[in-house]
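Make one complex out of these two single chains by using the hints.
In order, the protein sequences belong to chains W and E. Residue numbers for the first sequence follow the numbering used here, beginning at -8 and rising by one. Residue numbers for the second sequence follow the numbering used here, beginning at 63 and rising by one.
A few of these clues could be false.
Claimed, not checked - Partial chain W-side listing against chain E, Cβ under 10 angstroms, derived:
(1) Met2
(2) Leu31
(3) Leu102
(4) Leu146
To be verified - To give an idea of the interface, some chain W residues facing chain E are shown, with a C-beta separation under 7 angstroms as derived from the structure:
(5) Pro7
(6) Ser8
(7) Leu93
(8) Gly94
(9) Phe96
(10) Lys98
(11) Gly115
(12) Arg145
(13) Ala147
I should point out that these hints are in silico values taken from the structure, not numbers from a laboratory. Each residue gets a CB set at the ideal place from its N, CA and C atoms; glycine is no exception.
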Amino acid sequence: MSQRNDVRDVMLAAVPSLRAFAISLCGNVDRADDLVQETLLRAWANLNSFQPGTNMSAWLFTILRNLFRSEYRKRRHEVEDVDGSYADSLASLPDQNSRLELGEFRKALNLLPPDQRESLILVGASGFSYEEAAQICGCAVGTIKSRVNRARTRLAEILSIDGASDFGPDRETRAVVNSS
Amino acid sequence: MTRGGPLQPKKKADVRGYKTNGVVKLGPDIKARIGQQLRLMYSEVVDQGVPDRFVEMLKRLDDPTNRGSKQ
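This is chain E alone, in the form it adopts within the complex (with noise of 0.2 angstroms):
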């Protein structure tokens, strides 16, 4: 595959992802696309951070005055 011409003409699809009679073209590296898929569907979750649930959790397995005395 040719790279770095100017002109270079973009090959039928776009690297971005977009529709075209209903098929969803995802560009010509397919690995690095799903990929980047992948990644970003992760990263939705990953962004959101640690919820309050689970640092409160760890915080009361972590204090030894309330071992055994679980609610």
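In isolation and in its complexed conformation, chain W is listed as follows (with noise of 0.2 angstroms):
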């Protein structure tokens, strides 16, 4: 079935985001990676619930989530893994400086509300426009723009970012970051 060979293909292209959407949901490689098996063996199960014509990725993106938030509920008192196996497991980056830099965002990252994390990362990383970044996540489109304005706005504050005058209109948060 050559369709079926076209949805495969789609899927391998898309593996690579999920992993890195995966880790940054449950912050384990190995985890991420199951989780990401599993995305792939539910597609294939129900491509016939696919939609064509529509954004695969983003129906992938759908399945992983909707997967890890039913497993992220069971395991809800599991400690995340912020910085052990996970920046362990990747390869070095060219400059210490970068690495360091990095290590804090990535704390600073897992510092913020799973909600406004994801939303975050689906539009900032993954390249997903803010409606489907609201399609993946089941909620309306202001809802995500509003996280993502408060996750920026909250990352700024925990890494005490210079400038915060450039950002946003949240005065509240400008004051608090400005003052300390």
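Printed below as a string of structure tokens:
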């Protein structure tokens, strides 16, 4: 079935980005890979529910997110592996400064509420539009926009990023950032 | 913000992140900076490509002779 072969290719092409998203959700490479594998199996088994002509990548992300959500509820009390095996398993970055900086950034990202974190990642890293991210998360576009804004503001706060005045309309947060 | 002056003194923070007194300074353009970090973090994983296990798995799914004979 050549149609299935096409689907297989699209799925394969989506794997790197699915993994990156899965790792950002669960902070652990092995669990993330299991999640991606389960996503692909689930997608394959439910191909008939995919609407041809729509974004398959967004569809796969939706499945992955839902799987993670249901698993996350079960494992809520487990501590996330913020900078353990995940960080160790990654190829080294070109220079140590960017590695250190990225470590700080990752820790800050993990302090965000999950809703905000996933919205920011879908829009800011996975390259989805606000509309696609809303579809993936099953919420309104406005909700995604506000989550992304709050995520950025909070990150700026956590990282005490300079030049907070360039950012967002949230004066209260800016005041907090400036006074600290 | 003025741009383009060749002798424009650098403002408080360099564009590249660095640490001062334990505070990470990420430069003035927060959105751009956060976006850059996000993409960097993401591309660390994306650049690893597709691990073999997924290639194998999808191949198996695709093989009709394997249908119904899952180990």
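Check: Which earlier hints can't be squared with this structure?
Finding: Checked against the structure, the hints that fail are numbers 3, 8, 10 and 12, while the rest are satisfied.
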